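There are 2 protein chains.
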Amino acid sequence: MGNTYRYRGFVLTLFLGFLSVGCATRPGSETYDPLPSWNDGPSKQGIVEFVRDVTDANSAHYVEPSERIAVFDNDGTLWAEKPIYSQFFFILDRIRAMAPDHPQWKSTQPFQAVLENDFETLAATDRDALAYMMGIAVSGTTTEEFEETVKNWLATASHPVTGQPYTSMVYQPMLELLDYLKANGFTNFIVSGGGIGFIRPWSEAVYGIPPERVIGSSMELKYEILDGKAVIQRKPQLHFLNDKAGKPVSIERFIGRRPILAAGNSDGDYQMLEWTTAGKGRRLGLLVHHTDAEREWAYDRDSSSGRLDRGLDNAATNDWLLIDMASEWKLVFPSARLPGSE
Amino acid sequence: MGNTYRYRGFVLTLFLGFLSVGCATRPGSETYDPLPSWNDGPSKQGIVEFVRDVTDANSAHYVEPSERIAVFDNDGTLWAEKPIYSQFFFILDRIRAMAPDHPQWKSTQPFQAVLENDFETLAATDRDALAYMMGIAVSGTTTEEFEETVKNWLATASHPVTGQPYTSMVYQPMLELLDYLKANGFTNFIVSGGGIGFIRPWSEAVYGIPPERVIGSSMELKYEILDGKAVIQRKPQLHFLNDKAGKPVSIERFIGRRPILAAGNSDGDYQMLEWTTAGKGRRLGLLVHHTDAEREWAYDRDSSSGRLDRGLDNAATNDWLLIDMASEWKLVFPSARLPGSE
Chain A
1 MGNTYRYRGF VLTLFLGFLS VGCATRPGSE TYDPLPSWND GPSKQGIVEF VRDVTDANSA
61 HYVEPSERIA VFDNDGTLWA EKPIYSQFFF ILDRIRAMAP DHPQWKSTQP FQAVLENDFE
121 TLAATDRDAL AYMMGIAVSG TTTEEFEETV KNWLATASHP VTGQPYTSMV YQPMLELLDY
181 LKANGFTNFI VSGGGIGFIR PWSEAVYGIP PERVIGSSME LKYEILDGKA VIQRKPQLHF
241 LNDKAGKPVS IERFIGRRPI LAAGNSDGDY QMLEWTTAGK GRRLGLLVHH TDAEREWAYD
301 RDSSSGRLDR GLDNAATNDW LLIDMASEWK LVFPSARLPG SE
Chain B
1001 MGNTYRYRGF VLTLFLGFLS VGCATRPGSE TYDPLPSWND GPSKQGIVEF VRDVTDANSA
1061 HYVEPSERIA VFDNDGTLWA EKPIYSQFFF ILDRIRAMAP DHPQWKSTQP FQAVLENDFE
1121 TLAATDRDAL AYMMGIAVSG TTTEEFEETV KNWLATASHP VTGQPYTSMV YQPMLELLDY
1181 LKANGFTNFI VSGGGIGFIR PWSEAVYGIP PERVIGSSME LKYEILDGKA VIQRKPQLHF
1241 LNDKAGKPVS IERFIGRRPI LAAGNSDGDY QMLEWTTAGK GRRLGLLVHH TDAEREWAYD
1301 RDSSSGRLDR GLDNAATNDW LLIDMASEWK LVFPSARLPG SE
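Chains as they are written, first to last, in this note's numbering: chain A, 1 to 342; chain B, 1001 to 1342.
Note that these hints are calculated values from the structure, not bench results.
Since we're looking at a predicted model, the values are computed, not measured.
Errors might be hidden in some of the hints.
If we take Cβ atoms under 7 Å as the criterion, some of the chain B residues that face chain A in the derived model are [what the hints assert, rightly or not]: (1) G1135; (2) E1176; (3) L1178; (4) P1211; (5) K1235.
Examples of chain A residues toward chain B, derived with CB under 8 Å [stated by the list, open to error]: (6) Y223; (7) P236; (8) E274.
Over the 10 Å line for every Cβ pair with chain A, so calculated as not near, a few chain B residues [claimed, not checked]: (9) P1036; (10) A1113; (11) T1143; (12) E1212; (13) Y1223; (14) F1254; (15) E1274; (16) S1304.
Glycine included, each C-beta is placed from N, C-alpha and C at the ideal position.
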């Protein structure tokens, strides 16, 4: 009898131990930190309060899981966009790779400037000529060939400042935010000004966001039968520029629901946050503010890429949270490498 | 002791009984029928074999759940499209409802014909004039107002032949197919020639397909601030006609993966099936063949809506399954009402 009770006591201890381990790692418990790379600043507090409000069935702000749509800009919000958008480096490399089939590019601007690494001429090239070259660089293949091209490039290319693979230049705190939202029944979408065909090949591996939840700028596509096989060809004409007021329009077109959370970092995201937070009930707008010249880059109003001016003026009025990268993020990149370190 | 063993025997019986009930209702077991409204014809056999092939981890044709994308046409594939597309009846009712604000319609064709129920004139109206009127009928509101309009219409309108609500005119065997695929890790999408804004308000309730998985024809949208509030306005211009070669293009644009199963019923779905079944590995193309004048309608090559001609010619060559509605479906509509019965 004595032994039986001791045995039962042992089992009970094990069981309670298991329960307490369970509690320590269970989302929602006091000891669990779903956002370990975030300091306990206003942004983290605001995010955690928001998630609690919309997921607590007893809250006045409760939102059904199907309506928990979160939209994220990519460049400057989920991964670095300096010294210039990563897709631009891809385009330069594509032009170089395609050049042997286009001998006339040796004497045709702005192609010539790319081939001669003449960045002064490139910087002075007008928008339309650049757009034309970009169209050439991302077209002329089937969609499936293009996917392979992007994957191959990412496997070998490295960021010009850090020497890291581009897909390592993602923000650890934002990866945690994506996971935290997913664990709380949210569905995350990317809504980028970048090319949809450039992001989809790696979004699932890097962000856990499958291709069907990536919205971006897009090229014209053409269905055709090539050598007896059905393919979709990428054409050099822009189909949709997913920026500014284009973002809420594409959210409506692709998702058909008004999100309850939007995160961006530039004035190109202004209307996306405005549209999201103008909806009924509890909403959250987030702007990553690049304040960290040490660990990343510091820029806002005067930046050529990722300019944040109107958003900075109106964030407080709109109740959007400005995420101060320097003070609110314990860590920027998963590898914790500084720009410039090899 | 005797009592204890009898008790144990009773528990064992209960437990085995539970197991056997479990087996009888478990998908994948021999006694479970996931498609009870389908006769044991070639289509049902082909579907079940396909699903087994792509979900069995030991099969050479195994497909990861994330790649199990299935696309379905709507009109004539998931719900009835006779005597004419349901959306057309919605448009007629919209014109009638909007008429008091447009007194000039009393003497402007084709609006006048709608208001006077002059179907002879309507039938003789040219395509562009009809398209213009349809554009007017589905625009001039915000996206959220339009959603309410569609929901309100469906709550009160009834099919002119059966007197049933339009959302009851769905095919029971196809509802079972959607559920069966979902239970087997597929993600179902609607890829319709109909308006995306007309289908999304009810697709989740009727088909279990949420708005973000509905692709369709779409109108131009415009983001604006109206009385200080962010809204998206529906414009009267067509943005994209999601038919024929437009279907694979929009599948690529929205989903970014080539589906492994496509179901349609007309030549408007030809390229969608062609694109789907041209991919590597095991694929399935399905065409609902409307052969049942008793329980639904019989039509194919000569039909004005839902014309199936090229698909009928090439289904066998392409290894697509022609679903013979008359012989392969035990039941057409969930309510089992015949057209014409009230």
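Legend entry - Ascending list of hint numbers which this structure does not respect: 1, 2, 3, 5, 7, 11, 12, 13, 14, 15
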